[in-house]
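Now for the letters of each chain:
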Amino acid sequence: MAFDSLTAFIVMEGHGPYVWTCYGVFFLLLGALVYWSLLQRRRVVSAQRRDLARAAAGQSAAPRAAVGASFNRVHESQD
Amino acid sequence: MWQFFHKLGSPKWFFGIANRLMPWLLWGGAVLLLAGLVWGLAFAPKDYLQGNSYRIIFIHVPSAFLAQSVYIMMAVAAVVTLVWRMKLADVFVKAAAPVGAVLTFLALFTGAVWGKPTWGTWWIWDARLTSMLILLFLYFGVIALGAAISDEKSSARAVAVLVLVGVVNIPIIKYSVEWWNTLHQPATFKLTEKPSMPIEMWLPLLLSVLGLYLIFGWFACLRMQTEILTRERRTRWVKELVQAEGN
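Quick mapping for you: the protein sequence lines, in order, are chains A and B. When we follow this note's numbering, the leftmost residue of the first sequence carries the number 1, and every step to the right adds one. When we follow this note's numbering, the leftmost residue of the second sequence carries the number 1, and every step to the right adds one.
Just chain A, with the same shape it has in the complex (with noise of 0.2 Å):
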């Protein structure tokens, strides 16, 4: 150990807080784009799979629910 106490560990001689930010910050970007890339992942293959149900009952050629505001075609009028 490079340390005497777990106490000077921590504060390092004042430098302690610009340390454990970055090891923190690390830690966090990288677990959050660890989350983010398997949640993509996730969301590809149950989308697919859904299609692909859908497409096994028939229903294929229904047009699908737009979702929120985009600027996709509308299919019916909605006068």
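Calculated directly from the structure, the hints in this document are not laboratory data. C-beta: ideal position from N, C-alpha, C; glycine also. It cannot be assumed that every hint is accurate.
[To be verified] With beta-carbon atoms standing in for the labels, derived distance ranges:
hint, chain 1, residue 1, chain 2, residue 2, range
1, A, S46, B, G120, 46 to 54 Å
2, B, K174, A, E13, 31 to 39 Å
3, B, T235, A, A2, 49 to 57 Å
4, B, R85, A, W36, 49 to 57 Å
5, A, L28, B, N19, 25 to 33 Å
[To be verified] Residues from chain A that keep clear of chain B, each with C-beta distances beyond 10 Å, as calculated:
hint, residue
6, S37
7, R54
8, A57
9, G58
Given chain A, put chain B in place with the hints provided.
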């Protein structure tokens, strides 16, 4: 040789290889990175000039190193995209860009936090820092351009050209500490010389650089697989795979 090259271009073949590699990349990378960081944080000796703040080096240098080397890998992939029209090369560029952006941000952030106790300032507009900021904007540009063009082929070509134009920034980052007067210290590792640090300092640094490399490999595999699943969703093998994987 050419057969191998053609296989490499096959998304299905790559998918299987990635599946086999990913556990090794993730766990190997995590073990190396953690070993390097624990060693660097708790056991490496204090720097006589900078005190304990230098311990930030064990995440700053790996992030900055990877940020540049990911860009170089993307540039190689961009050449492959333009010359051989290989789809997998473009898949790599799209998958790696967000990881590169996060690593560049980490290099800038940890550098700023290190600069405060060492130089007395968070940020200055000097050559090394500014060229690193440009690298971050290049990554943002690549991500935005890729997302803006929906046609697969034109998107691949446009992104490849942008990546290749931006590669001029890499030697500028590398030599900025030699060409201009800068607060930033010169390179820690050089291929031609012995490191300027004692072995108890550079060995943990080397471990964390290698660890982060492997973890980047894991990210690249995972994100490329996701991209392949999206692009090849009409093929039979992806349909079968999706049915099996979702359970």
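Checked hints:
no.	hint	in the structure
1	A:S46 - B:G120: 46 to 54 Å	holds, 52 Å
2	B:K174 - A:E13: 31 to 39 Å	holds, 33 Å
3	B:T235 - A:A2: 49 to 57 Å	holds, 55 Å
4	B:R85 - A:W36: 49 to 57 Å	violated, 30 Å
5	A:L28 - B:N19: 25 to 33 Å	holds, 28 Å
6	S37	violated, 5 Å
7	R54	holds, 13 Å
8	A57	holds, 15 Å
9	G58	holds, 16 Å
The structure fails hints 4 and 6 (numbered hints given earlier, in ascending order).
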